[in-house]
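Residue-level listing of the chains:
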Amino acid sequence: MISSSGRRLVLSALVIAGIAVYIFVSKRSQPEPTASVEEEQSSGVVVTLPTEIKIEDPEVPIELVEQVEDNTEEVANRLLDFSDKLRRRDFTSARTWFTDDFAGHGLAGLPVQDKRTDRVDSKVVSFDASAAPILSADDFTEALRDLMGPWSRVESVLWKTKGAEFQALGKKRWGKIKLFISMMGAGADDEPITISGWAYARAVKIRGEWMFDRFKLTSLSEARRSATIFSDVTAAAGVARSGIRFGQPGNNSFAWNGSAGGDVDGDGRWDLFCTGPASNVLYMASESGHFGEEAKARGVARPGGGTGALFFDFENDGDQDLFVGQVGWRESNGKLGGLNLQAYLNEGNGRFETKSDDLGFDEPGVLYSLTAFDYDNDGFIDMFGCGYGRVEVEHNNSWTQATNGSPNALYHNRGGERFEEVAESAGLLGTDWTYAAAAADVDLDGDADLYLANDYGSNRLMRNNGDGTFTDVADQYGITDKGNGMGVSFGDLDNDGGLDLYVSNMSSTAGNRILGRLEEDIDSEIFKMLKKLAAGNSIFLAGEQSFEKLPKDAGGVGASWAWSAALADYDLDGRLDVFCTNGFVTGDLPHDT
Amino acid sequence: MVASTAEVVTEDRDLFQKQEVGSSAYTARHNGQMFEEGLSFSGNERDKLFMNRGDGTFADLSNVSGADSVNDGRAVIATDFDDDGDVDLFVHNIQRERHGLYRNELGQSYGGFVKVKLRATRSQYEAIGAQVTVGAEHGPVTQILSRGAGFVSCQVPELVFGLGAAPQATLEVRWPTGEVESFGTVTANERVLLVEGAGRAEPYAALPRPLPDPLPAGLRLSVGETVPVFAMLDPDENEVLVDPVALADGKPLYLNFWGSTCVSCVVELPDLQALEDAGDVKVVGLSMDAPADMHRAWELFGKRGASFPCYFIGAPKQEGRASLQEIVDLERLPIPTTLVLSPSGVIEKIIRGPVNSPH
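Protein chains in written order, with the numbering used here: chain Y, 1 to 593; chain C, 1001 to 1359.
Extracted from the complex, chain Y is given alone in its bound form:
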């Protein structure tokens, strides 16, 4: 027998427990607010749209890095295939990436949050992502059609996976995906437009295929200009050369990528020499603005396979001679194979005579970039060749400070008659994997110093001691820039009259994506390598006997896998800008590592 007061107590307890259970349950399931819109999809399915897009974090995320990466890669590839459909403006096919009960923020018709004008009247518009309309799958793809349909062309679409977490438990396989989305093209008047933003998507695996049922936009902006800053006149000017895809027989060396500009025939116009796999190319500029390819006629077509190329006057006879680096190799019998550095001497009329055998180049090296400078101020231009590694013999023995690079070469010009290789006595031989060099009198003492960009290690500033020797003072100047150096250029980037330093490095999306995940549980050597893969370019501003690194958020360094930088004032506003080539190897498949 329970008293009435006792019954009340039990009831109260039950009510409290009930409330607690209710709170617990509602916290766990977080049902989306009452749907306000019903829409029939092209598939016939009627979908009710939520008033808010929520993508929860997996409660029990998959922890094993390999598993996360496998899933991430599947989703990333799915999104690249989707990107390809958008690039072709095949919106009907693109629709099939979304489930019938999809709900997501549309990318068209968002209110403008901020508008600003940047350099050379380029416009950047930020949209209010929080006010994006919530759309069904049909309407979401139609919004994409509204956005990109009117464009005169679509240059590229990339929906890139920047992060992902997957639920480990439960029947349904799903994950929360962090996305960077970008759509580039040209508007109706051929004006360049790029729409980019960040978003989350929920991926669900249905019948073995990743689909998307939620899309939540976190930011969206648009960059445009009335016209592009440069026009591509490659084909019109006669310098279009198509080559076979990298990785196929006939194009499987990283060597053949050098170019040199100079006035070959003394007509006051800038001609161009480019190394090539089988034969080289010499584009002679004409008064019509067109270029004619005359490598064979002028005697510089062969041999191919060169790397860096230089024009300068070797004999001081008033014309431009040509020097081309070569990458040799070591045969299995230990002998060196391949070609010596190639010399083409200008006969004064813009035709060249091959002279390599008589000039003192007597051993094939692994030379990439070449740099011309008169290091001993004797009135004849000398030449430095950057020694990389012999990859056919051994890999870099460290990712951070490799010491098995092949030697550099310092070719001392002996009176315009021959070269003498003096790297060893000059202290420039080195054991680094050197890709590039630039010469400048950094310490302003009247002779040229040399900055070396090294792959797999620290860079060096080789101070010219004025007695034919060089000493590394990079550390003292604060410019070791440990990483994967690919290129180096000098120029005054802060308008103080001093030469600053721009160093190109390599950096990869995949490296960035997984870096955080791996730090604790992987072999530290591989981690170090990955960290290098994620580094960007560097700007070092010159001060008194030292340099200061410009913080990354100042910009100017966010290239990916960067190579040659050219510092010039492209808008003539009195400040040097940076153009930088970029990208390692693009295959046929959209998928990337």
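Mixed in with the good hints there might be a few duds.
Ranges between beta-carbon positions, derived for each pair [stated by the list, open to error]:
id : chain 1 : residue 1 : chain 2 : residue 2 : range
1  : C       : Ser-1342  : Y       : Arg-418   : 32 to 42 Å
2  : C       : Thr-1185  : Y       : Asp-496   : 13 to 23 Å
3  : C       : Lys-1317  : Y       : Gly-109   : 53 to 63 Å
4  : Y       : Asn-349   : C       : Pro-1210  : 18 to 28 Å
5  : C       : Asp-1329  : Y       : Glu-394   : 35 to 45 Å
6  : C       : Asp-1249  : Y       : Val-46    : 49 to 59 Å
7  : Y       : Asn-316   : C       : Ser-1342  : 27 to 37 Å
8  : C       : Asn-1356  : Y       : Ser-42    : 47 to 57 Å
9  : Y       : Arg-173   : C       : Ile-1350  : 29 to 39 Å
10 : C       : Pro-1291  : Y       : Val-60    : 25 to 35 Å
11 : Y       : Leu-336   : C       : Pro-1291  : 54 to 64 Å
Hints listed in this document are in silico derivations from the structure and should not be mistaken for laboratory results. Using N, Cα and C, we set each Cβ at its ideal position, and we do this for glycine too.
Keeping the supplied structure of chain Y fixed, place chain C upon it in accordance with the hints.
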């Protein structure tokens, strides 16, 4: 995928250790394994343009640069190829379209220029390593005459300086010997030779050589070339061979690239029909719509009163038969674009934008 990159690296090392020293197969295998099948590694990365804002920061204007090729660039030569005062670009790629030439369109919109050539007299005459400082209101800016910097790149021996709005600027040279020499003042848009010891800038004449206008992006044929017979789909999805000579029927032929989502394309359909109806030329439409959208496009085509022949993409590839891909890169061609062919199929004119109001 980095887990697998790490695996590849480890695998590479293992395999490498097993291989004999000197195996020249190694390089081929190493490159081959990664790239033979067409995989990318840090691929599809566009060349970058960072514009100096003058406040210690840089704007990434790559997307509007027009020089942001997706090809894998290596060397770059930046110079004023056409001598119009601004700096153009030449890029060397490792594959596919190997070379890119980009004409700077800014001209003097944001500033004047001074172009400088040098001749040293107390060191080798080319003055390699000389540092030139141009002083104006925005502060001094220094450039070095360098041959061989960047990566496998050799710049030309001429420096281009921007002056912004400054009508004139001072010139100073630090010669390779370390001697500093002032060259007084130059006015905007001058070309000057600085001879060591002269103390005075010597103007040199302009040598203009205008670079030609660009062809539409993605067009693989230019004026003077013949359009081959190529395979397309008709509106009933049957494969047909489009033969420009047969379709021309002895008249000039307008090959119009259009798409149903392109507003100006759809707007000009009646104009194209009027051209056809006038009887002097023949018009053929080539729809760039995705196969899934072709019926929608065909419906729109009819609704706009167009009745000239129209063909669609999506014909399967066949050995020994040309496809539209050999004429254009479908993804890059801006539309509308119209090729005007002679009755014999030779391209005589390329119209960018609508035929009646071209760009």
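Outcome of the hint check:
| no. | hint | in the structure |
| --- | --- | --- |
| 1 | C:Ser-1342 / Y:Arg-418: 32 to 42 Å | 58 Å, violated |
| 2 | C:Thr-1185 / Y:Asp-496: 13 to 23 Å | 20 Å, holds |
| 3 | C:Lys-1317 / Y:Gly-109: 53 to 63 Å | 39 Å, violated |
| 4 | Y:Asn-349 / C:Pro-1210: 18 to 28 Å | 26 Å, holds |
| 5 | C:Asp-1329 / Y:Glu-394: 35 to 45 Å | 41 Å, holds |
| 6 | C:Asp-1249 / Y:Val-46: 49 to 59 Å | 53 Å, holds |
| 7 | Y:Asn-316 / C:Ser-1342: 27 to 37 Å | 55 Å, violated |
| 8 | C:Asn-1356 / Y:Ser-42: 47 to 57 Å | 37 Å, violated |
| 9 | Y:Arg-173 / C:Ile-1350: 29 to 39 Å | 51 Å, violated |
| 10 | C:Pro-1291 / Y:Val-60: 25 to 35 Å | 43 Å, violated |
| 11 | Y:Leu-336 / C:Pro-1291: 54 to 64 Å | 56 Å, holds |
Against the hints set out earlier in the document, violations occur for numbers 1, 3, 7, 8, 9 and 10.
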